Amino acid sequence: MFTSFFKAFTNLFRKPQTIDYPLTPIPKDKDYRGLIEYREESCIYCLKCEKACPPGAILFVKSDNPSQNEKNKKGLVYNYNPYLCIYCSECVRACPKPDEALWQSNKKPEIAIKSDNVNSKWFELEKLK
Amino acid sequence: MFNFKKYRKKSPWILHYNAGSCNGCDIEILAALSPKYDLERFGVINTGNPKQSDIFLVTGPVTFRSRERLVELYTQMPEPKVVIALGSCTCTGGVFRDMYNVEDGIDRYIPVDVYIPGCAASPELIIDGIVKALDILEQKTKKMEKPLKLFQDASTKDGIINKRDCALKVGEKDEEN
Amino acid sequence: MKKIKVTLLDIVEEIKSFYDYKKWHFLTINGVALQDNMLEVQWIFSKYETLEEIVIFYVEIQYEDIIPSIVNIIPSAIISQRELVDMFGVEVEGSAKGLYLDKDSIQMPLRGCLL
Amino acid sequence: MKKTINIPLGSQHISLLEPVRFKFECENEKIVGVDSDVGFVHRGIEKACTTKFKYDGIGYVVARVCGLCAITHSLSYTVAIEELLNIEVTSKAKYLRILLLELDRIHSHMLCLSHTCENAGFEAMFMRIMGDRELIMEIQELLTGNRIQFDYINIGGVNRDINLEVATKIVNNLDRVKEKVMGYVDEFTNNWSLSLKFKRIGALSLDDAYKFNAIGPLARASGLNIDVRNEIKYLPYHEIGFKMQTHIDGDINARNIVRLNEILNSIEMCDNILAGIPEGEIQTKYKGKPNGESVVRFEAPRGELMYYVKANGTAMLERVRIKTPTFASIPAFSHIFMGENYADAPAILASFDPCLSCTAK
Amino acid sequence: MIEILLIILAPIIGGFIYGAERIVRARMQNRLGPPLLQPFYDMYKLMDKQAFIINSYHTILGIMHFVTLWVVVAFVIVGQNLLYIIFLHLLSSIFLILAGFSVKSIYSHIGANRELIAMIAYEPILIMLAVAFFMLNGSFEISAIRENSSALFSIPLLFLAFLLIVPIKLKKSPFDAIQAHQEIIGGVEVEFSGIFFEFLYMAKLLEYVFIYALVMLFAGDSFILALTLFLAVFFLVNLLDNSTARIRIDHLIKIVLVIGLTLATLNIIGLSYV
Amino acid sequence: MILGLLILAPILFSFVVFMTHLVTRNILVILFVIFLSVISVFNLISLSSVVEIALPHYFHNIFVFLDSVVLIFFLWQGIVKKHALVIALALVQIILYCEVLFLVPTLESSDILVDNIASIMYLIINIVGGIIIIYALKYVESENFSQIKKNGFIAILFLFLGVMNFIVSSNNIEIFFMLFELTTLFSYVLIAYRGNAISVENSLRALWMNQIGGVAILLALILSISHYDTLYFDILIHNRDNLFLLPIVFLILAAFVKAASIPFNKWLIGAMVAPTPVSAILHSATMVKIAPFLMLKLAPAMSGFVSISVTLIGTFVFFTASLLALNKDCFKEILGLSTIALLALMMALAAVGSEQAINATVVLIVFHAISKALLFLQAGILEKNFHLKYVDDIDGLINHSPLTVFFIIIGFASLTLPPFGAFIAKFMAIESIAQEILKNPLYIFALIFITLGSVFLTLLYFKVVTKLFAKNVDFQQEHTKLSNYYVIPSFLLLFLLIIGIYVTFKMELLSSIQIITPVILIAVVPFLFATLLFKKAHRVKEYNCGEKEEIKLGMYYFNVSPNYKKAISIVAIFGMLVLIVGVML
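Chains as they are written, first to last, in this note's numbering: chain A, 1 to 129; chain B, 1001 to 1177; chain C, 2001 to 2115; chain D, 3001 to 3361; chain E, 4001 to 4274; chain F, 5001 to 5585.
Source of the hints: derived by calculation from the structure; they are not laboratory data.
Computed from a predicted model, the values in this text were never measured in an experiment.
Possibly wrong hints are sitting among the right ones.
[Said to hold, decoys possible] No more than 25 Å apart at the CA atoms, straight line, and that leaves these computed lysine to any residue pairs for SDA-like:
| no. | chain 1 | residue 1 | chain 2 | residue 2 |
| --- | --- | --- | --- | --- |
| 1 | D | Lys-3285 | A | Glu-50 |
| 2 | A | Lys-30 | D | Glu-3279 |
| 3 | A | Lys-121 | B | Asp-1098 |
| 4 | A | Lys-107 | A | Ser-42 |
| 5 | A | Lys-48 | D | Ala-3315 |
| 6 | D | Lys-3092 | C | Leu-2051 |
| 7 | D | Lys-3178 | A | Phe-2 |
| 8 | B | Lys-1132 | E | Pro-4035 |
| 9 | A | Lys-48 | D | Thr-3314 |
| 10 | E | Lys-4171 | B | Leu-1030 |
| 11 | D | Lys-3092 | D | Gly-3280 |
| 12 | A | Lys-108 | B | Ile-1136 |
| 13 | A | Lys-107 | D | Ala-3167 |
| 14 | D | Lys-3054 | B | Asp-1098 |
| 15 | D | Lys-3180 | E | Arg-4027 |
| 16 | F | Lys-5389 | D | Thr-3004 |
| 17 | C | Lys-2097 | D | Asp-3035 |
| 18 | D | Lys-3047 | C | Glu-2064 |
| 19 | A | Lys-114 | B | Arg-1108 |
| 20 | B | Lys-1009 | A | Thr-18 |
| 21 | B | Lys-1010 | A | Ile-19 |
| 22 | E | Lys-4169 | A | Phe-5 |
| 23 | D | Lys-3178 | E | Arg-4027 |
| 24 | A | Lys-30 | D | Asp-3161 |
| 25 | A | Lys-48 | A | Val-92 |
| 26 | D | Lys-3054 | A | Cys-46 |
| 27 | E | Lys-4204 | E | Gln-4050 |
| 28 | C | Lys-2022 | D | Leu-3206 |
| 29 | F | Lys-5552 | D | Glu-3025 |
[Stated by the list, open to error] Partner residues are not named here, just some residues of chain E that face chain A (Cβ under 7 Å, in silico):
| no. | residue |
| --- | --- |
| 30 | Leu-4032 |
| 31 | Asn-4242 |
| 32 | Ser-4243 |
Ideal placement from N, C-alpha and C gives every residue a C-beta, glycine not left out.
Full structure from sequences and hints, please.
Encoded structure:
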């Protein structure tokens, strides 16, 4: 009983443990599994990442103006949905050229709001597939 | 007389409902309330009572059995209210997308204002999301938004779904008068 | 892992004579869909404080067969039986439907998943 | 004269993290009947494992069965597949797996303890334990890159290596946690109000524990020696100083004490692992497709977790059966609630450490 | 004049006490906590919310609870009859209980039930407190009590008994079973929302003022002692709140009745012999 | 003159009622009740000082005759119904009565004495009793009786009013005894009025228990004649120099029996099987008031030991009876037990004897009568209109009959809450006990009993109110229409309550602000009900954890184990024995 009393009492004069987060940013470790990043130039369009991704957050969809990459024969465009991604980095492991074409950064994903149309945009892409 | 809108921002009370998540995000909500992140700095209280809440924090991809509860809780919350979809599976279905007992994402049922990605969304992301929700809360003076899917389907499907009663109907009647 | 094949008729008797509640730990009842509308139902046990000793009783049945209940012997089997009813749409004595599935969800989802 | 009222607990209730519905039939506040519904979180993962995903991706899917025992789920599944593929994992990978498993156990137990305190109305204790739990979360994030869903284990080994910096940080933090946990043991045993709230409440006798096939800390608190870590060959638990923790009372307090002791034991094991981590690869290469069937059990923080996997030589599996700890304990839960006070129900429920997303899959 | 000002500002004083309490609680739990003005932010926000009601009886009774409590606080400040104030306070609790029972909501019912049962525990002690003051001063009037010197040293046991019921009225652990948030989601207040909940929220602030005003009565005419007592009780209650779990309502009754009533009886018997 | 009218007119009128048929009967009864009320009010106003009348000697013979008839009737009933206790007690009474007849006291005083308290009692008896009789006109029509029996029922009630008017004005213990036995007779007859087995059984129980009271009065008579040589209350009471208090103690005992204090509580509870007006008029509102009235009469004689022990016994009974009442489920039984509790409180207060305590007693007697009558009328309405007897069944009555619920809530509120009279009485009670504690610390126990008891009573009232109150979301509901014969008496009683508030205000029992504040608070509520319907606010359903299914609600029940009940009875009997033995020593 007195331990609890004592702890509550001493905590009163301690510096709080709280980090004032939005004002004081918490640095992320370099190994933090954040957003998946992609470099178009290095991609060889093997589509392994698309197949490996458990929720299907990476889609290569045919586009009218595909990037100028000689490997891209079908005219595909890489699409990535961070709101579907589960950040397991399975795609990076599947990628033949990790760290060049596809890698996992330590950036936090962005918060979306209603006007971003997170779902409907992606539905249209899935329909294209 | 006064501009009360800006005070909405200072005391968001949250209601948390788990609509079928893996409870990773739910633990992170607890962690966000814990001393290190301390959501109460923003005036957040976890009320657990829809009638006194401003922010509806939903986790999980909406399983079939939690659909009705989700809408029920949503309709019991007074305006202005903000709905936060917490975690990837809540936003879009995540890894549970297209499973047979799951509706991909809660925005099929209730209008979502803030999407927080992450699996599981870390407390920092939750705080970011709530800060964003606070801005929305400040602006919000919307009329009762109708839940999307359940009400559209109500007339077509039989059995359990079309038992929509009291909460909304009474509200509608009053608005007409 | 030891697999013992039994018939549907004497599964209750077999388990009754086998199961000593202080020695054997009842794990679960499992169903595996086989080809040709057959279902393999397994009763899985493990031995307390022994390295990897698992015993599986199994029967192969049609979906129409009624599976006897072992709740009288092992009270905690009730929940596994309810799950079996829900997932495979089979009938187990005295087990109600609706542990997981609602009326408008897909019924008997695990039945014949290969077909 | 006696009349009953119904008190619901759930599906949405502040003391619940997950949707589960209990409807208590109460005389005044004394519970005389329990009606439960656990199917709110049913997503159909078992079905999806056999139709939607290939066998090498399922490890990430089954991890999402439950956020708290995610690592045990993926480990059990991975080991089951490794059994079918006949892969021998290097001992470094095994040690790293145990390390993360035990870290996960520590944070899960701490969460359970704090949640039990919260539900018993002891907010300060909740905050204190949650604050200290952040130490574990930090090192988990360092080790795996994420706080909850680790995705650390893959078929043939683990995803990431451990470096010296991380190892020292882990040792440091574990030391601090150990000190704190010692303090909790003192508080849990000596705080007068907690003893009113926890002692002789929600008790399960040893005989009932046998009868209801109770598992995990629930059974160990009643004195039933069941710990899968004692019964498996896949991981070298006995080399690193595993000790079974039991108690005889079977009440909430006993469960808390068992959990606290397990935390201490886990910390000890982690220290042992870090002291003598062997050199070697963390990943074994493998070939082929799984075939056959295997049953694998592991000790999740809540008790025994069983995977039954049946494969037929293709990339798609034929059956994945997940028997989760809470699923097996539900009959025991209902039994324990009988005769208790509704005021204690949230604390009792939290002391089971139920995991409904495990249960309903 | 100053009395009228105090009466009008009573909820605001309560708000500051509550705000300070939230900060102290946060610090005792090792976190930063909300700003001091947080209760007022909450109040402003609640004013702005859409109003939901179940039925008009429920709402009215909730408002009556608040109004009556304000009257009670006003009477305390003015210096009315203490015994009468205690009964009027009972009336305000009864409004709240009736409100709790007037909806078909189970948590509201349980909360009201618990409030009723807790009444068994605290009512006798409050009345005996009034009787003890009467025996010391020959009058139930609070103004008379305020004019006399401190009663703390003549009725120390009653002060202890009174300390027992402070957590019940302020809904603080270990005696917060009435409002137990994790069990019954705030009990009676569960069905109030928006501006109607605000009345209950402010009633809680008034309850703070009422209880701490009663605490200050023990100091008699000494202002410094009153301030010391207020700070000491404030600190003690919060320390207790942060080091105990919530105990069950039946334990609450037993503990408060047995210890509190014994202390109070002993003290009054002692008084009558002196 | 007025007195004669008050006593004799009802008796004569009862014969008229017996003869007439329905419509004329109703009109006549209403007119006569108004007449009686006016007389009693007039009496209170015109009464300047104490009125004393000595009756001529031949009246004595009539009384002796009546007494013998009643006692022999009891004996006969005991023989017919084969009830040994009734026979035995009747025989004891006859023997004792014979002995009384042989003793000839010498000290004489007036037989009839009307003081302030008596005129207040007239008010209660005639106005409250009259209102209940008006109510009974409709009630009895719905009973399954023949027309003659129905008329007889009304007639007996009027007879009873006459007897009650007489009893509160008698100064002669012998006459008092006769009237006491007559009230016993009426309650016996009326309890058994429905004629089924359970009412007969309960009526016999009421009979033998009340006979104990009769025996106690006879003993008191004999002792009083032998020691004080008198038959008269005033002489007995003012014999201050003589310390022999045994006759007074026996009279107190009789009062306890009539007030159905524990351990004699069974008969009043059993009496609740009678038609509701009977319960109202006999067993709650008026007849049992003899007990505190007798106490008030004896109060000046009590001092020291007797005073404190009666106070402790009374408060103890108050506490335990309210505890036991929590155990009950039947609406009328709850009312019955709370009556017992409050009667015990009245007697305890009367025994305290300070001026304030006496005032409190009188206020409590008056307001208790009004509130209880109001509640019993509602109990009758519940029984007849909604066929509800048990608290558990009256779930959500507010959806069907808000008026009845309103009256019930007012009835219960008027027993506990400011600004109603019963509250003021309780307030004064605590104040007077607090003053006594300064003299004798033993009174602290009385204080504890009173505070705990009143909290239990509050709990008890809520047990009922809760059930009524739980209301659905606001929707238009069909309301049941009640008969005017039911509604008007209730409104009259409500009106009396309001007058009561005004009177207490005028009498300055509390300071004016203390009465006005709660009046404003409580009056604002119905006003807001009527005007503010929160049209703009949206209605939602109750929070039910997101679920939709119905759940069973309820108030906690309280179980008092039989062992406790036994222990309580034993303590009460022990207290009374201590009282008797202590006085004898």
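(message) Could you work out which of the previously given hints the structure breaks and list their numbers from low to high?
(response) none
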